[in-house]
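**Student:** Construct all of the structure, not just a fragment, from the sequences and the given hints.
Using our numbering, the first residue of the sequence shown is number 23, and each one after it goes up by one.
These aren't lab readings, by the way, just hints derived from the structure by calculation. Glycine included, C-beta positions come from ideal geometry on N, C-alpha and C. Among the clues, some could well be false.
As the list claims (entries may be wrong) - Restraint ranges, calculated between C-beta atoms of paired labels, are given here: (1) T735 x Q221: 52 to 60 angstroms; (2) T568 x R521: 25 to 33 angstroms; (3) A370 x L407: 54 to 62 angstroms; (4) A512 x A334: 20 to 28 angstroms; (5) Q501 x S464: 54 to 62 angstroms.
To be verified - No more than 25 angstroms apart at the CA atoms, straight line, and that leaves these computed lysine-lysine pairs for DSS-like: (6) K661 x K232; (7) K96 x K147; (8) K819 x K96; (9) K666 x K220.
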Amino acid sequence: MRPLLLHLDHFGSFREPVTVDFSDTEYFALVGPTGAGKSTIIDAICFALYGTVPRWGRENAVAHALAPSVTAGKVAMVFDSDGRRYGVVRAMVRDAKGAVRTKEARLDELDAAAPLGEAFDAVVKPVAEGENVTTEAQRVTGLEYRFFTQCVVLPQGRFAEFLHAAPRERQDLLVQLLDADVYERIRQSAAREEEAAKQAASFARDQLAKLSGATEEAERELAERLAALRRLAETIGADLDLLRAREGDIRRAEQERAAVAERQSVLSQLRMPAAVPTLAAARRAAAESVETMAADVARLEADEHEAYEALAALGDRGAPRAALTALDARERQQAEATRARAAATSAAASLEGLAAELSAAEQALATAEAQRERLRDAHAAAHLLNRLAVGEPCPVCRHPVAELPHHAPPADMRTADRALAGARERAQRAGAACAKAETSASMLATQAARLESELAALPAPGDRAELEARLAAIAKADQLATQARNAVRAARGGLEQARAAAEQVERQTESAWRTLEAARDRLLVSGAQDDPPPSLAREDLHRAWTELLGWRDRAAQAARAALAERKEQLAQARDRLAADRRRLAERLAEHGVVTPRDASPDQLGAAVAGSVARADSALERLKEERGRAADLEKQVAQKEHEAKVAHELALRLRANAFERWLCAEALAVLVASASDTLRELSDGQYELALADKTGDIEVIDYGEAGMRRSARTLSGGETFQAALALALALSGAVARRLDSIFLDEGFGTLDPATLDTVATTLERLAAGQERMIGVVTHVPALADRVPVRFEVSRDGKGSHVRKATVAP
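**Tutor:** Dropping the structure here:
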């Protein structure tokens with residue numbers, strides 16, 4: 023994993039958006055005062071990938087991502103890993119309760135050819151969102167979070183974690199760094215291959231057992247049977263020709279019998295239609311009925327014409343009907359005007375009584391108001407009496423008061439108010455009733471005057487009795503005309519029925535003649551030429567049918583004799599065919615050819631050919647099965663060998679053996695590489711080695727005559743040197759390539775000579791391989807030797823970062 027671009031927006035101590043560009047940097051230092059925010063940049067790299075930071079003390083804790091006064095923030099990073107470019111974004115938000123949670127998290131694969139400033143817009147495909155981002159980041163970088171912080175990001179105070187780790191923890195890290203889990207996948211694949219090979223061998227054995235009949239003896243028997251069947255096929259032709267000749271004799275005999283049977287059937291089907299004897303009388307009766315019905319229609323049509331002339335003479339019924347309608351309307355309007363005038367008179371009479379009631383209510387109201395005024399004055403006087411004093415001026419007349427007056431207590435004012443309110447309400451109701459009555463009386467008088475005026479404008483009425491008599495006469499004439507019309511229609515219908523009946527009789531007669539002629543034609547076609555049916559004369563239908571039926575009886579007797587003769591000939595031909603077919607079937611059965619009981623010569627020939635083909639096919643199939651059996655025997659041996667090889671491979675790659683051996687070898691290489699670096703850093707005093715029994719990392723101290731002791735006994739500066747040597751070895755000596763390493767502090771404990779050695783080692787590491795080296799330091803002597811510095815400062819607005827290049 024190699025970071026290219028890091029963007030912080032309100033993350034940690036960075037209260038304003040800032041972007042750090044690592045794209046053209048191989049070796050850099052983060053410098054600045056304590057608390058400026060240097061480590062926050064390293065934290066942001068770790069947080070972008072895994073959603074947490076080692077300094078926060080607990081995985082999945084995001085509360086420290088935002089300052090207490092910040093409500094939202096974001097970290098975004100563009101990085102390369104394994105030849106591909108990725109972009110990861112994590113956004114945080116503080117909810118209403120003050121808790122910080124991740125609002126958005128996503129990981130995308132980016133287009134590596136796009137400009138770095140537009141990288142987040144050049145998404146090739148989404149990789150993960152939400153909680154899946156951390157899992158996919160582990161897959162992309164190849165390291166879990168705990169191992170990432172041991173060999174890529176080395177935070178403050180945790181340099182020595184890998185140095186002091188237990189053997190099992192170191193093995194887990196090395197499994198990931200070496201991709202050693204591929205061997206477990208190989209073991210599992212070998213186990214699957216073993217099972218598949220065993221199943222294939224078992225299946226092949228089962229298939230081989232099914233081919234137990236594929237022997238050399240069976241092949242020889244099939245070959246002999248095939249030769250015999252081929253000889254039979256070559257000699258059976260004459261027998262089949264004889265059968266075909268026998269079948270031809272039978273077909274001819276059947277055709278002759280069928281012809282005689284057809285003639286007999288035609289003769290037996292000839293029947294005289296039942297209506298033929300009575301058709302002549304029916305024709306005469308139908309003609310007489312048509313003539314009678316035509317005379318009746320003519321007479322009734324004359325009566326209809328006379329009735330319609332009488333109806334026309336009475337004139338149209340519309341005028342008398344309109345006169346009666348106008349007379350009815352005049353009578354209705356006269357009654358309505360009478361009712362309106364009576365209502366107006368009644369309303370005027372009731373208005374006088376309501377006016378008297380209104381006058382009485384108004385007088386009672388005036389009396390109530392006067393009484394209330396007098397009572398109010400009495401109350402005012404009683405109130406004033408309490409303020410009078412003898413000798414003092416009266417507030418009314420301004421004269422001195424000689425003697426205090428005496429007044430009886432006045433009545434209650436509320437009683438007078440209620441009496442006044444009741445009188446006012448009654449006066450209002452009386453006024454409203456009087457006004458309503460005046461309006462109603464006026465409207466009724468207006469309506470009565472309008473109706474009387476409209477009635478006077480109507481024309482003079484006609485005589486009702488005369489009008490009704492005229493309408494009755496017209497209705498009677500119309501009834502008579504309708505009856506005459508219906509009688510004509512009925513007569514015409516009867517005439518049509520009589521004509522239809524006559525036509526039906528004619529059609530029956532013609533059909534009987536056609537039936538007779540068609541029957542004679544069929545008899546001519548099917549009969550013998552020496553005795554044809556008699557000729558027909560179109561004079562008397564019944565006589566013609568009688569002559570033809572007499573000839574039929576004579577011809578039917580001759581047909582019965584001929585049919586018996588043909589049946590005898592057909593039975594003899596069938597017996598000969600059955601005997602010849604039976605002899606041939608016995609011959610075929612001797613060769614194992616089974617045929618249907620009534621098989622034709624072609625079917626018998628096809629059966630022999632089919633037997634030859636099946637025998638030939640069976641022989642070829644048996645040869646194939648023998649070849650397949652040989653192949654299956656080889657396959658069983660091969661699959662059993664493959665299963666054995668896969669079994670041995672799975673045993674060799676078991677996790678408790680091969681993986682432990684591989685990690686032990688890798689750890690030995692790792693410790694040897696770290697030991698070389700430590701020897702250089704310690705000026706030859708220290709080397710690293712593995713304990714034989716426990717697998718712990720030990721230190722060989724040549725300052726103490728090569729004494730071996732635990733790495734935990736080293737001082738702080740010595741521990742830093744040993745941990746740095748292991749980190750550098752992890753970065754370059756293991757199978758998985760690590761593209762970057764970040765060291766957070768720890769250089770302040772080194773003496774100048776060791777610091778110079780460390781600086782030289784880092785410079786050589788950065789220059790010798792394509793790896794990014796980043797250090798966080800307060801030591802000027804180290805910072806001055808780093809070619810690129812990111813200067814971090816902090817003020818009241820938060821942390822800031824500035825990139826500076828050191829001149830060589």
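**Student:** Could you run down the list of hints and mark each one as holding or not?
**Tutor:** Hints, one by one, checked against the model:
no., hint, result
1, T735 x Q221: 52 to 60 angstroms, "holds, 58 angstroms"
2, T568 x R521: 25 to 33 angstroms, "holds, 31 angstroms"
3, A370 x L407: 54 to 62 angstroms, "holds, 57 angstroms"
4, A512 x A334: 20 to 28 angstroms, "holds, 24 angstroms"
5, Q501 x S464: 54 to 62 angstroms, "holds, 55 angstroms"
6, K661 x K232, "holds, 19 angstroms"
7, K96 x K147, "holds, 21 angstroms"
8, K819 x K96, "holds, 17 angstroms"
9, K666 x K220, "holds, 9 angstroms"
Of the numbered hints listed earlier, not one is contradicted by the structure.
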